[in-house]
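Residue numbers (my numbering), protein chains in the order written: chain Y, 1 to 328; chain F, 1 to 278.
Because the hints were derived from the structure by calculation, they are not lab data. Be a bit skeptical, because a hint or two may be false.
[Said to hold, decoys possible] Only part of the chain Y face toward chain F is listed, based on derived beta-carbon distances under 7 angstroms:
1. Leu53
2. Cys70
3. Val161
4. Asp240
Small disclaimer: the values here were computed from a predicted structure and weren't measured. Where a beta carbon is used, it is the ideal one built from N, C-alpha and C, also for glycine.
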Amino acid sequence: MALAKEQKVLAPVSKGYKSFVFEEVTDAKNISLKYIPTILPPKKYFMPQYETLVEYDITSEKARAVVESCAMVIFGVHTCDLAGIQCLNMVFAEKPKDANYLIKKSKAAIIGIECNEYCDEYASCTMMGNHLPDGGYDLFFTDLGDYFIVAIHTQLGDDLVTKTGLFTDVQPEHLKALKELREKKKKIFKNEVGLDKKEIENLFDKSFKSKVWDDLDNRCLACGNCTNVCPTCYCFDVVDEPNFDLKTGRRYRAWDSCQNEPFAKVAGGESFREKRGWRQRHRYYRKFKYPLTKYSKFFCTGCGRCSRTCMAQINLKETLSFLKEENK
Amino acid sequence: MTKQILESSEYEIKKAKIIRTKKMTSKEKLFEITLLNGEELGHDPGQFVEVSIFGVGEAPLSLSSSPTKEGSFEICVREVGKLTAVLNKLEAGAHIGIRGPFGKGFPLRRLEGNDLILIAGGIGIVPLRSLINYVIDNRRDFGKVSVLLGCKTPQNMLFGDEIKMWDERLDINFLCTIDKSDPDWKGNVGLITLLIPKVDADPSRTFAVIVGPPVMYKFVIAELIAKGIPDSQIIVSLERHMKCGLGKCGHCQIDNVYCCQDGPVFSYDQIKHLREAI
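So that you can see chain Y by itself, here it is in the shape it has in the complex:
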């Protein structure tokens, strides 16, 4: 925990039965390295649930755009969440750029960790190709039993390794062990839905009128849990909050959800996604179809959080299997 003396270190911590969160740690023994995806993904550090955008003073008619940020090391990020961060990086770097997100992101060092085994039955990371590291980190740790092998991806990562002085040079046997682990993983990590990633776009092209959306219409409770826990959902609301003096206050953004009925409503009263099934469909299309056009990337990381959290047991793997069957 040499790092924690110098800066804020955030890592997965157990909160009881199958519940983990990313939070600040000062003692390494509190970190849970074997964890299933945290309740909220690490996006909360770059795009907090509530974030001040502007502070205002009505009396002096002053308003200033602000960002609150701090240097941090996020330790122990799974490959699915690394993929999620990479998605959001694209969204907020797209013009017009979002200064608040980009400044927060620029102050973070990200240390990934490899999953040697499945977290649970909800994950579909193999289908999305996110069970193996594919960038998005400064350092990447793989547990090889008695030691960790660390991939250095950036200069910032190299500086961290040098500063802590805990690491020795890699030897050929270490690389061999890593290769063996990856081979072993091939046997464990199999496409969870049996759906080739290349087929997904075509499948969604044909599925706008699928019966599955009627089924979800009957089941969805429109609670918005699925979007809140999603590592690539970023929709928000912008709200003013006056202070008690009624002269000063702040304009902040807060996470919003396309699953809420008023989300796509306009002043005249029309709601463009009135039915829960339509809103669920919108969520799925925002993961598997629409971002392909704009970012050439799927916005589902396969982390399984939406299915794990759903009170109505709406399961992403089941939805995709249903679509696959329907289009056989």
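Start from chain Y and add chain F according to the hints.
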């Protein structure tokens, strides 16, 4: 956490002053606004701004004046929500905040040299007025121009004085209808679709521009297609709740398109395959 003041942020507002207001109906009010830094807003007809009153919030509102009118711009506001309720109580001299202009306006360069059918339903006249007055101020650059207007009742009609002027001009074919008959009304009665067959148009060189309530589009578009006007020459401005104006917050999304950045003005061929559009 350290707090830093951003030198440039998309959420920064430009301070502006209301220089004139005019009550249009019981619900709608016109505001003439100027930026306090003395700069022009620099908008295109069809674009919108986020109007901001600190402590209340922001709302996306259509620009109603043509950019040919210099020194100030106009919005016409119907009281429907929190921000508009507060805004409509403000009078000349009050300060507000502006972000924008945002979005893609009407495709002026494509419209130039062609005949135009400009169609407004109800409050759709507010954004369309920016184009109508632009066309009037650059009248030589356009072919035959028809303006078609539909309202619920004569009392709902906005910009009455200006409409009278459009009606009197020889270089504009102005047609108007109200939904339900009224003792004081001597003109057409019925839906706006009834006016379209009355316009004599050469489909190959005619562009139609439609702004109105969401329910109006599919009926008007069907009429225009029946007239032979190609999809690429039917221009629509779609209403959605543009919360951030920056293509991020998600509220205005239609399929994969962000209305605030990719629109609100689209040609019909751009959006007819979008299943949530019309």
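Q) Which of the stated hints cannot be reconciled with the structure, identified by number in ascending sequence? A) 3
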